[in-house]
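Q: The whole structure should be built from the sequences, with the hints applied where relevant.
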Amino acid sequence: MVKTIFSFLNKEIRGLHEAAYLLGLSAILSQILALVRDRLLAYSFGAGHTLDIYYAAFRIPDLIFVSIGSIVSISVLVPFLIEKINKSQEEGKNFIDSAFSLFFILIIIVSVLAYILIPYLAPKVFPGFTDSKTLSSFIILARILLLSPILLGISNFLASITQVHNRFFIYAISPLLYNVGIILGIVFLYPHFGLMGLGYGVILGACMHLLIQVPFVVSKKMFPRFSFNIDFASIQKVMTLSLPRTFTLSSNQIATFFLVGLASVMTVGSISIFNFSFNLQSVPLSIIGVSYASAVFPALSRLFSSGNRDKFIEQMIVSARHIIFLSTPLMVLFVVLRAQIVRVILGAGNFNWSDTRLTAAALAIFSISVVPQGLLQLFVRAYYSKGDTKKPLIINLISSTLIVILGYVFITTFNNFPTFRYFIEELFKVSNLSGSVVLMLPLAYSIGVLVNTALHWFAFHKEFKNFTKSISSAIYQSFSASIIMGYIAYIFLNVFDKVFNINTLVGIFSQGLFAGLLGIIVGVFILKMLKSHELSEIWKTLHAKIWKAKVIAPEQEML
Numbered sequence: 002m003v004k005t006i007f008s009f010l011n012k013e014i015r016g017l018h019e020a021a022y023l024l025g026l027s028a029i030l031s032q033i034l035a036l037v038r039d040r041l042l043a044y045s046f047g048a049g050h051t052l053d054i055y056y057a058a059f060r061i062p063d064l065i066f067v068s069i070g071s072i073v074s075i076s077v078l079v080p081f082l083i084e085k086i087n088k089s090q091e092e093g094k095n096f097i098d099s100a101f102s103l104f105f106i107l108i109i110i111v112s113v114l115a116y117i118l119i120p121y122l123a124p125k126v127f128p129g130f131t132d133s134k135t136l137s138s139f140i141i142l143a144r145i146l147l148l149s150p151i152l153l154g155i156s157n158f159l160a161s162i163t164q165v166h167n168r169f170f171i172y173a174i175s176p177l178l179y180n181v182g183i184i185l186g187i188v189f190l191y192p193h194f195g196l197m198g199l200g201y202g203v204i205l206g207a208c209m210h211l212l213i214q215v216p217f218v219v220s221k222k223m224f225p226r227f228s229f230n231i232d233f234a235s236i237q238k239v240m241t242l243s244l245p246r247t248f249t250l251s252s253n254q255i256a257t258f259f260l261v262g263l264a265s266v267m268t269v270g271s272i273s274i275f276n277f278s279f280n281l282q283s284v285p286l287s288i289i290g291v292s293y294a295s296a297v298f299p300a301l302s303r304l305f306s307s308g309n310r311d312k313f314i315e316q317m318i319v320s321a322r323h324i325i326f327l328s329t330p331l332m333v334l335f336v337v338l339r340a341q342i343v344r345v346i347l348g349a350g351n352f353n354w355s356d357t358r359l360t361a362a363a364l365a366i367f368s369i370s371v372v373p374q375g376l377l378q379l380f381v382r383a384y385y386s387k388g389d390t391k392k393p394l395i396i397n398l399i400s401s402t403l404i405v406i407l408g409y410v411f412i413t414t415f416n417n418f419p420t421f422r423y424f425i426e427e428l429f430k431v432s433n434l435s436g437s438v439v440l441m442l443p444l445a446y447s448i449g450v451l452v453n454t455a456l457h458w459f460a461f462h463k464e465f466k467n468f469t470k471s472i473s474s475a476i477y478q479s480f481s482a483s484i485i486m487g488y489i490a491y492i493f494l495n496v497f498d499k500v501f502n503i504n505t506l507v508g509i510f511s512q513g514l515f516a517g518l519l520g521i522i523v524g525v526f527i528l529k530m531l532k533s534h535e536l537s538e539i540w541k542t543l544h545a546k547i548w549k550a551k552v553i554a555p556e557q558e559m560l
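If you read the sequence shown in my numbering, its first letter stands for residue 2, the second for the next number, and so on.
You can trust all of the hints, since none of them are fake.
Simulated pairs of lysine-lysine, DSSO-like, Cα-Cα distance not exceeding 27 Å:
| hint | residue 1 | residue 2 |
| --- | --- | --- |
| 1 | LYS391 | LYS466 |
| 2 | LYS392 | LYS466 |
| 3 | LYS387 | LYS312 |
Hint data in this document are derived by calculation from the structure and do not stem from the laboratory. These numbers were taken from a predicted model, which means no experiment stands behind them.
A: Shown next as structure tokens:
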């Protein structure tokens with residue numbers, strides 16, 4: 002039985018769609034646990050002071066993980082590892098030891114500096130945490146969480162080794178274990194240790210994320226050892242490739258970092274509302290955008306390196322069409338069913354009606370950028386597969402700067418121009434709610450992402466002229482069907498309002514579920530009438546034997 006399970010876990014995948022759907026399934030499981038985690042947090046604390054401290058404390062470790070951890074990311078290390086191991090096992094092991102030693106030194110130095118500087122940085126980057134009790138809790142929790150980028154960084158390093166040996170599922174389930182640890186912290190550790198117990202849960206999850214990688218790596222005698230005898234020639238090649246990618250990821254994290262800092266001076270709970278809505282809008286992105294982009298990345302790299310530009314652009318077109326086809330309906334449904342989604346997932350315990358309304362409004366604004374975010378994942382990987390890390394870096398720096406500037410501008414405009422404030426509050430049905438200014442943060446983020454995607458698209462179109470024309474039909478068909486689908490779902494929300502008791506969890510869930518299903522049925526019918534090529538491909542793929550495919554795990558890019 003055990004042998005059968007392990008044999009199943011190591012199956013290989015060959016088709017793009019099979020890989021993407023299997024990745025999507027893995028992402029769904031991870032997102033379900035993440036939603037359970039968020040529901041427990043919402044139930045226990047609501048959008049309040051405790052959660053504001055908890056989410057803010059994540060920002061510094063998150064930034065360290067993205068900036069230092071991505072230097073030895075899977076997409077960077079795997080090609081080098083394959084090259085070295087193919088020459089000899091000993092050369093592969095020496096490279097692993099060198100890369101690990103440099104990474105370990107860097108992340109320890111940065112983490113120690115952060116540990117020392119947090120008391121001085123906290124009042125400046127989170128100016129809303131002014132009272133001594135809040136500041137003290139934040140500093141202690143942030144220092145505990147500094148262990149997580151070290152553990153997760155080492156785990157991602159080991160994941161490169163497991164992926165070289167095609168043990169993809171090991172890494173695919175590690176994010177599940179990470180969320181399990183956080184959930185255990187909420188349920189069992191918080192009652193005994195208070196706020197610090199939440200931090201201990203994160204560390205527990207990071208330990209499990211790491212430990213599941215260890216047995217296989219040890220069995221292959223590839224477990225890294227610290228050494229001062231570093232092969233700087235090989236490491237220089239890794240750094241040349243990884244540093245632009247690191248700066249690209251860091252720019253996005255810094256922009257979000259500033260948005261959370263702005264939220265700290267708003268009404269209590271604003272940081273929590275921002276994070277809850279951000280996590281919810283990340284669900285379709287993880288399931289669709291990241292899955293397709295990760296699945297196609299190896300193929301894009303091989304095709305471009307072999308000079309097969311026609312096949313390269315063909316894979317890009319297919320991936321872009323499917324990301325648009327699948328993400329657009331979800332974007333519309335998230336906007337229409339936002340209140341039902343938030344109430345079902347978060348609306349319990351200390352998470353009150355005001356929290357629900359503000360989170361739902363923020364979710365709707367974030368959802369506008371779901372399709373662009375998915376395409377952005379694809380464009381960035383396309384440039385990396387071509388060896389072009391400069392263009393994504395420049396574009397991301399521009400858009401990240403824009404996000405920060407727009408955050409300040411929108412907040413100032415919202416506070417000083419009543420007409421603008423009235424328009425936003427009426428549009429998203431949050432009139433007379435305290436703290437509605439928090440909606441300016443997802444608005445700034447979404448516009449920044451839209452600009453980011455547009456710039457990537459424009460640059461890619463200049464190089465590959467047929468790209469835009471080839472996906473125009475998918476845009477038209479998906480957008481048309483999605484608008485009609487959203488309208489039908491909206492109509493039936495009002496119908497089922499009279500059928501179900503929406504004051505109960507079952508009632509509000511049933512209202513959203515059946516309204517959404519009827520909308521989807523109509524949307525599928527419209528796509529069938531339009532003879533959607535993507536709909537036909539999905540139907541064929543779902544009838545194929547997906548379970549015979551090889552899993553390609555997406556790498557984790559934030560805590």
